[in-house]
Amino acid sequence: MSENSAQLAAGDPVVTVENVSLDYYKEKEPLPVLVDVSLTAGKDELVAVTGPSGCGKSTLLRIIGGLNRATAGTVKIVNSEVTGPRSEITMVFQNFVLLPWRTALENVLFGLSSRKDLTANQKKEKAEKALEETGLMGFENVYPGELSGGMKQRVGVARALATDPEVMLMDEPFSSLDDLTAERLRKEIYEILINPSTSVKTVIMVSHNVEEIIELADKVVVLSQRPAHVVGELRIDLPRPRNKKSEEFFTWVDRVYSLLS
Amino acid sequence: MAEPGRPLPIALVMPGNVRAGQVISLVEVTGGLGPKVDVSRLADELDYDIAVLLSTLDAAEMLGLVRSEKGDVYLTELGHRFQKTSRNKVRMLKDRLAAIEPFRTALELASKGRPVTAEQVAESLSEIGIKWHYQPELNESLINALLVHWAIYGGLLKYDGKSGKFQKA
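As you go down the protein sequences, you meet chains A and B in turn.
Numbered per my numbering, the first sequence spans residues 1 to 261.
Numbered per my numbering, the second sequence spans residues 262 to 430.
So here's chain B without its partners, still in its complex pose:
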C-alpha cells in the first residue's frame, strides 16, 4: 500500500477499450496517408468515434508507434517498422508493453514463481490507485481481457483459461 502523504507513482496505463487490432489499423492508416495525418481525417478513415480514437491514439503513443502534435499524427521510426512487419506485429512491442499497466504488475507478480490471477493483479493495482472500473468485478474482468489480449499477443504471459491463471511466458 502507498504510504500516507507520499505521492502515487505516475504509471503508463493501457486504456481498457483498446485492442491490438485498433492500434494496428491506426498505424497502417497513418502510414498509408502520411507523413502526417490530421486527427479528424484519421477518425473518418478508421470510422472510430472520438472516444475510441483518442484511447487508441493514447495507446499507440504509449507504445512508441506514433506521436501527435497540434492535431497531426506522425509515425515514429518504430511505427514505420511496425507497419512494414507482416506477422506477429505485437511481439515487436514486448518490452514496451512490459512497462505499461496492468502488464507490468502482472509480470512482477508472475515473476515470483506462482501463476497469478486477474483478481490479484487488480488488488495490487488498486493499492496504487489504478483501476479501470469502480466495480471490482468489472475491474477484474477488464484487466483479464487486457492481459489475455495484449500480454499473450506480446509474448509476455501464458494463460490457462481453465484456471484463469497467468504465468510468465
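Here chain A stands alone, though its shape is the one from the complex:
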C-alpha cells in the first residue's frame, strides 16, 4: 500500500480524472476523441464507465492506467499524477491476454516479472495465493488452451491481483463469456475485489452492458458519442446483493439507458 493511500476512508477519492481531453491528428487536423472528461473513483468503490460503441471508453481507461497520454488534463492517484504505467495500477482485459505457451501459474508470474523487490519464492507464493483467491487452486500447471473462458478470465484477474494493485482497471471483463458464466463470475469477482483482504482500493470498469453495471457499480459515468464528454453521472444506491428482477433494478437500468439515448 502506498503512503498516500494508507489513511483513506471509504469513499475518499483514489483516482481523480480532471478535464481529460484527447485529440488524434489526421493530416495535421485535430480529431477530438475525449473532451473535458472528469470523474473520481473512491475507496471501496466500483465505478463503471459506459457509452456508445467506439466513443473512447477503453481509451479513457488506458489514459487512467498511464498507457496512453492525454492531450490535456490530469489523472491522479490520491495526490500523485499518473504520467506513465505504475505498479499500483493494473488492468484486466476483455480477451484475457494470456500467453498460451505458459501455464496458469507462469502467466500469473509473468505479471510479477518486473518486481525486483521480490525473490523467486515470494513471487511464486503471491502467484499461488492469487490463483487460490480466484478459485483456481489445483489449476496452476494447466495451460490456457485447457481452460474454459471463465477460467481464463480468472487467470487474468489472478495475474492482476498478484501485483498488489490499488487501482484495478477492467475493460469489458465479462463480455467474452456466455451469459451464465459471466453472471457467476461477476458476483465472485466483486466479492474478491471489494474486500479488505486485497490491496485493491478502487475498481474502474468499462462496460456496455447496462444490467451488469447496475448489478456491480456504486457509480456510473455515462459518456456521449465521439467526441466523448460526460453526459451524466449516477450514484447507484441499491442495496447489495442486487436483485436483477426487482422493479428498482429496472428503474436504474432505464435511467442509464435514458442517458445513453
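Please keep in mind that the hints were generated in silico from the structure rather than gathered at the bench.
Wrong hints could be hidden among the right ones.
Claimed, not checked - The calculated lysine-lysine pairs, modelled on DSBU-like cross-linking and capped at a C-alpha distance of 35 Å, are:
hint, chain 1, residue 1, chain 2, residue 2
1, A, K187, B, K355
2, B, K429, A, K187
3, A, K152, B, K355
4, B, K355, A, K245
5, B, K345, A, K124
6, B, K373, A, K124
7, A, K244, B, K345
8, A, K129, B, K355
9, A, K123, B, K429
10, B, K373, A, K152
11, B, K423, A, K129
12, A, K187, A, K245
13, A, K245, B, K331
14, A, K124, A, K28
15, A, K124, B, K426
With chain A held as given, fit chain B onto it using these hints.
Here is chain B on its own, set in the frame of chain A:
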C-alpha cells in the same frame, strides 16, 4: 479385459459435454424458481439447447444435486446445500465424482503410485466398453478435458500440463 460372455458392469459416466459451470447454473436456476421447475422452463431460463440441457440434467442427477420426475426438476438436500455454498462448490462433490467415470478409473490407476495419462485412462475404459468418441484421439482428448476440469475442481487429482500426467491430489 472383460471376460467373454460376462455382462459389462453398469457404470456412471459423466457426459463429455458437461462442465461444472453448467451444473452450477442449473442448480441455481432450479433453486431460484423452485421448489419444482418444468424442464422446458429450465431450457428457456438457461438458454441451453435440449442436448446440452439433458446431459447437464443427467450430470446433476448423477451427482445427487437434483432429481427429475415426469418433466419436473427438484433440488435434493445436497442440491440446496450446493446452491447456498458460495465458493469451491465442486469440492463438495468430491466423493460423488470419485464414483463416476472417467474419474473413478483415473483415481484407481493413479492410486497405484504412478502418474497417469488420459491415454492410459482411455485404454482402461475401452476395455469395459466406455468411450466418449469412437476415434481414439478424440476420445483421449475428451477424457483429458473431463479430468482437467472436474477432477481438479473436485480436488481428486493434480495435473501437470507439461507432461500431461495426473496424480492423486
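- Within 35 Å, alpha carbon to alpha carbon, are A:K123 and B:K429? The hint holds at about 26 Å.
- Message: Hint check: B:K429 vs A:K187, CA-CA at most 35 Å. Holds or violated?
- Response: holds (31 Å)
- Is the hinted pair A:K244 and B:K345 satisfied, with a Cα-Cα distance of at most 35 Å? Holds, at roughly 18 Å.
- Task: Given the hint that B:K373 pairs with A:K124, test it: the Cα-Cα distance must not exceed 35 Å.
- Result: holds (30 Å)
- Hey, A:K187 versus A:K245, does the alpha-carbon distance stay inside 35 Å? Holds, because 16 Å separates the two Cα atoms, which is no more than 35 Å.
- Task: Sort out whether A:K28 lies within 35 Å of A:K124, counting only the CA atoms.
- Result: violated (49 Å)
- Message: Hinted pair, alpha-carbon criterion (35 Å max): B:K345, A:K124. Please report holds or violated.
- Response: Holds: B:K345 and A:K124 sit about 32 Å apart, inside 35 Å.
- Message: Given the hinted pair A:K129 and B:K355, is their Cα-Cα distance within 35 Å?
- Response: It holds: about 22 Å lies between the C-alpha atoms, which stays within 35 Å.
- Item | Given pair status - B:K355, A:K187, alpha carbons within 35 Å | Given that 35 Å is the threshold and the Cα spacing comes to 24 Å, the pair holds.
- Does A:K245 lie within 35 Å of B:K355 when you go C-alpha to C-alpha? Holds, at about 34 Å.
- Message: For a C-alpha distance cap of 35 Å, please report whether B:K423 and A:K129 respect it.
- Response: holds (21 Å)
- Query: Holds or violated: are the alpha carbons of A:K124 and B:K426 at most 35 Å from each other?
  - Reply: It holds: about 22 Å lies between the C-alpha atoms, which stays within 35 Å.
Hint compliance for this structure: hint 14 is the single one not met.
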